[in-house]
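Colleague: Sequence:
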Amino acid sequence: MATETPDFSSRPQRGCIPEIPEIPEIPAIPEIPAPARPAADGGTTADVVVIGAGTAGLAAARHLTGAGLGVIVLEATGRIGGRMATDHVDGFRLDRGSWLPVPDGPELALLPRPLPLARLDGGVLLHGTGRVQRVGARPRRTDGQGGRSSLTAAFDQAWLRVNLGRMAQTAESRLLARPELPARAALATRSVPARIAEGALRPLLTVLLADPALSASCRLSDLRLRAFARAGLSLPRGGAAALPELLAGELPSGTVRTGVRAVSVAANAVQTEGHGTIRCRSVLVATGADRAAGLLDGLRVPEHHPVTVLHHAAPQGLPTGPALVVDTARRGPVAHSLAASAADPSRAPRGRTLVTSVVLGREAGEPPHLLDRAARAQLAALHDAPAREWELLAVRHDARAVPATPPPYAAERRVRLLAGVYVCGDHRDAPGIGGELSSARRAAAALCADLGVPVPSGTADPAPDPSLTARAV
283 MATETPDFSS RPQRGCIPEI PEIPEIPAIP EIPAPARPAA DGGTTADVVV IGAGTAGLAA
343 ARHLTGAGLG VIVLEATGRI GGRMATDHVD GFRLDRGSWL PVPDGPELAL LPRPLPLARL
403 DGGVLLHGTG RVQRVGARPR RTDGQGGRSS LTAAFDQAWL RVNLGRMAQT AESRLLARPE
463 LPARAALATR SVPARIAEGA LRPLLTVLLA DPALSASCRL SDLRLRAFAR AGLSLPRGGA
523 AALPELLAGE LPSGTVRTGV RAVSVAANAV QTEGHGTIRC RSVLVATGAD RAAGLLDGLR
583 VPEHHPVTVL HHAAPQGLPT GPALVVDTAR RGPVAHSLAA SAADPSRAPR GRTLVTSVVL
643 GREAGEPPHL LDRAARAQLA ALHDAPAREW ELLAVRHDAR AVPATPPPYA AERRVRLLAG
703 VYVCGDHRDA PGIGGELSSA RRAAAALCAD LGVPVPSGTA DPAPDPSLTA RAV
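The working numbering puts the first residue of the sequence shown at 283, with every later residue one more than the last.
Rather than coming from a laboratory, the hints here were simulated on the basis of the structure.
Here the structure is a predicted model, which is why all the values come from computation and not from measurement.
Beta carbons are placed, not taken as given, at the ideal position from N, Cα and C, and that holds for glycine.
Distance windows between CB atoms, simulated:
1) Ala676 with Thr452: 35 to 43 angstroms
2) Pro631 with Ala662: 16 to 24 angstroms
3) Arg519 with Arg670: 29 to 37 angstroms
4) Ala731 with Asp369: 36 to 44 angstroms
5) Arg443 with Ala549: 51 to 59 angstroms
6) Ala548 with Gly734: 16 to 24 angstroms
7) Asp403 with Arg361: 27 to 35 angstroms
8) Thr540 with Pro601: 41 to 49 angstroms
9) Glu671 with Thr452: 41 to 49 angstroms
10) Ala731 with Ala436: 51 to 59 angstroms
All chains, full assembly: derive it from the sequences and hints.
Modeller: Written out as structure tokens, the structure is:
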């Protein structure tokens, strides 16, 4: 019996829910720092309780302990990392999400030690119908093109290199001064040839925003494109969990408590499920937006974009190498795919290749077996290798993976809700690793200010790096 394959031709626009008024500001009440200690009733007290041991929570805890505060981090699950966790399956390291950090991100520069990154030296392959363009690495002539087609490809390649180079040199203030529109509308109003807009920039922005409708503010899309033009893309070596593990390693022993779920919060206490009440002087909620709103009445919850990640094991290396392959022709459900172990060999056992593919938009909600079946022929075409015998290792679906950022875009949302109650996460900043780290730093700084504690080095706003040389790709 034939099995129906989903229609992947349409990609609907996404919206966002109305703004919900947030908790009003209440003047801070200065207090004198005190170390964490046992309570008189046998419970526990701390200066600060951080809820959530993902990237944002661990980063905030690092700033706070650096200020000399006693901190307890509560994590409801059995391990740290949140969306940046990495699963170990038969010698493969499988990320639960799709994270492609920019190597020179300013927040990464504030980490206590460098995050090991594997740059995608092959750049981005824009795989269309009949031709392939490479952005972010040395241009490569595509076989099978000739005459007029090759001249067109050469023109498009030159246009991309020149204009991405200009974007890399553009000051952030100039980008933010442009009229704010949805990214797709902004792309249509600029002097971009339609062929390049639809065949190159639209799919590239889809990767950078995880938003196939390009409904995000052009302010965010411009900043993401500029960051890509400066430094390309990379993978955390050893898996996405390398970042939360790095942050956790900087905390005093016993700071993080896994398997402890917070059920309610106040400025001076956190009630847990089965572990009693932890008394404190401040609470910082560092969970996803939905969980945070469940603990903090009135917190705005943005719309989110869904993401599904397919992990396959291939028996051999792939011709595409360490390059992110983007399907500009939309042959199937996969938006982009990567031979992850070609860039980071630690992600696969010797002699095998880990292929990580990402599905965005409505298609991300399809059943895993249908996605896998529909993706096989598409992946074979994208990687120029037979994919029928690839082993499906795992499918990871997150219906609320990436916060939506439609206009008007607020790059830094409020992290201090009232004296003693704070919130951080990429839903309070830009989506992704940079937003997690930035919001954590801002929340820690606000908390320290309320307690009258000096802000530690590395918690203030990062200064521009004068040594950074913009490099077109």
